[in-house]
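Student: Just so you know, the sequences run in chain order S and C.
Per this note's numbering, the first sequence starts with residue 232, numbered consecutively.
Per this note's numbering, the second sequence starts with residue 232, numbered consecutively.
The set of hints was computed from the structure by calculation and includes no laboratory data.
Possibly wrong hints are sitting among the right ones.
[Stated by the list, open to error] For the chain S half of the interface with chain C, some residues (derived, Cβ under 7 angstroms), not all of them:
(1) Val238
(2) Gln242
(3) Gly252
(4) Val338
(5) Gln339
(6) Ala364
(7) Ile369
(8) Arg390
(9) Asn396
(10) Pro398
[Stated by the list, open to error] Pairs of lysine to any residue, SDA-like flavour, derived with a Cα cap of 25 angstroms:
(11) C:Lys239 / S:Ser393
(12) C:Lys247 / S:Gln242
(13) S:Lys239 / C:Leu248
(14) S:Lys247 / C:Ala278
(15) S:Lys489 / S:Tyr473
(16) S:Lys233 / C:Ala250
(17) S:Lys380 / C:Gly333
(18) S:Lys489 / C:Tyr334
(19) C:Lys253 / S:Arg251
(20) S:Lys253 / C:Leu246
(21) S:Lys239 / C:Pro398
(22) S:Lys239 / C:Glu389
(23) C:Lys253 / S:Asp373
(24) C:Lys239 / S:Asn396
(25) C:Lys247 / S:Ile401
(26) S:Lys239 / C:Asp280
(27) S:Lys233 / C:Pro398
Just so you know, even glycine gets a beta-carbon here, dropped at the ideal spot from N, CA and C.
Protein chains: 2
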Amino acid sequence: MKVIRTVKEMQGVCLKLKARGKSIGLVPTMGALHEGHLSLVARARKANDIVVVSLFVNPTQFGPNEDYLRYPRPFNKDKELCKKAGVNYLFAPSVNEMYPEGYLTYVQVEKMSALLCGAFRPGHFRGVTTVVAKLFNIVQPDNAYFGRKDYQQLKIIERMASDLNLPVTIVGCPIVREESGLARSSRNQYLSEQERESASRIYRSLQAGKELTEKKNIHSSRRILQKVTSMINEIPGAKIDYVCVCDADTLEPVPAVKHPVVIAVAVWVGKTRLIDNMLAGVK
Amino acid sequence: MKVIRTVKEMQGVCLKLKARGKSIGLVPTMGALHEGHLSLVARARKANDIVVVSLFVNPTQFGPNEDYLRYPRPFNKDKELCKKAGVNYLFAPSVNEMYPEGYLTYVQVEKMSALLCGAFRPGHFRGVTTVVAKLFNIVQPDNAYFGRKDYQQLKIIERMASDLNLPVTIVGCPIVREESGLARSSRNQYLSEQERESASRIYRSLQAGKELTEKKNIHSSRRILQKVTSMINEIPGAKIDYVCVCDADTLEPVPAVKHPVVIAVAVWVGKTRLIDNMLAGVK
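Given these sequences and hints, build the entire structure.
Tutor: Written out as structure tokens, the structure is:
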């Protein structure tokens, strides 16, 4: 496995691979890798000649009062995990390499970027789509892998890739959970043991919402929201940013489960903001 | 020469060419081709294995009260000109092909897009950068050719390509002028004979500004602006949108000619808005 630090070298390597007809799989990450990321790498390893993992804590997707500075950066551990997982190139550029002096260009997916987390984190998805567009242009992947834990991010990136005619297939992969049901996230390491116990109950609330519609045949979004919200409100130390029943494609809130929906939540547990979601109404 | 109407076919052809190691030159146009466009095609023909001309009157770069509907669309004539010029592929998609239902993504270069024409045509450059990013992703060019007549557009596209790490070289090409000095533009055909005579005097005003600094050693932007503005104000039927002495790279207005500048103007002649510019202070 080769670690590459500059855009120029990474792009040069990838353009050469493409001109030789090789397929490239990209797994974009902010590092602090966990089993969720590794499941994406395994998926990429199976379907591509070359696997590139990018590791970049992207400042443009953090708000001014968010956790950019304290976001975990265990580089050597991440590097070992990638090596073991059969990654060919680990692309780990500096901030200045990605956003040099005079940088001015942003990629924005309208509407979808203002919903759900977008309402609480203005500019977040603009930062995500900008850096992902840049990574796609640098790495020239045939396939790019994203976890469904960040469901809104996945749908926005699918929209961007389609709208901008990027020649890449976006592969959405299942949420990987801890035994307790807690969705794996680099931010879980901010949690105390007690908070981690609280956080695992978010999953059970989503399950209860899903069962309401799929087993008890209740289709009213209001009823589902009531159930999920009341269960989360019972969790010690939990504070809801949103609970929403949304169209699984457009992410617009829907009044009833007629087509596939995603039940999406953002919940603060202590000082840590967690997101999770569950598809429902999928026949 | 092959005419291609769909994104899928054009992108398929280009990805195959790239995988075979061929170089591609792209000349993006809105059609109504004139000698300016043909000079770009000739330049592309010399430096690339394959030349693609795109022909698309891009609705997202026109304001609501602009000339989108009456913009000339002489397709058959354009096609013949491309064929004669040795173009390999003429890419002429429909609006629905480029902006299908549910389209939401825009590429924006901040600051530079708000200056000069950006102040008079809000959203114009966002439309330009969006469609050019799409065309780059579809055609995968090694080189893309733009005329310096649209100087601000050229600099914004250079910025976008660099910021988004697009693996393309942006080639800026000299302004092609009529014998009178009038910069060639598809919009010149809106002009009456008398207006065309008026319009040619814009060039002479720019020349006078350039001479002031390069021959008479006057570096004050105010003095140059006075000269150019007063000469344009003497043209019958002319109405100035702006006259500006700007840094040739950042396009910011500068108080004095210390580094290379561009003297840029937008002038209405009757109901036709014309732009022109001239570099000055280049040693």
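Student: Looking back at the numbered hints, which does the structure fail to meet, lowest number first?
Tutor: none
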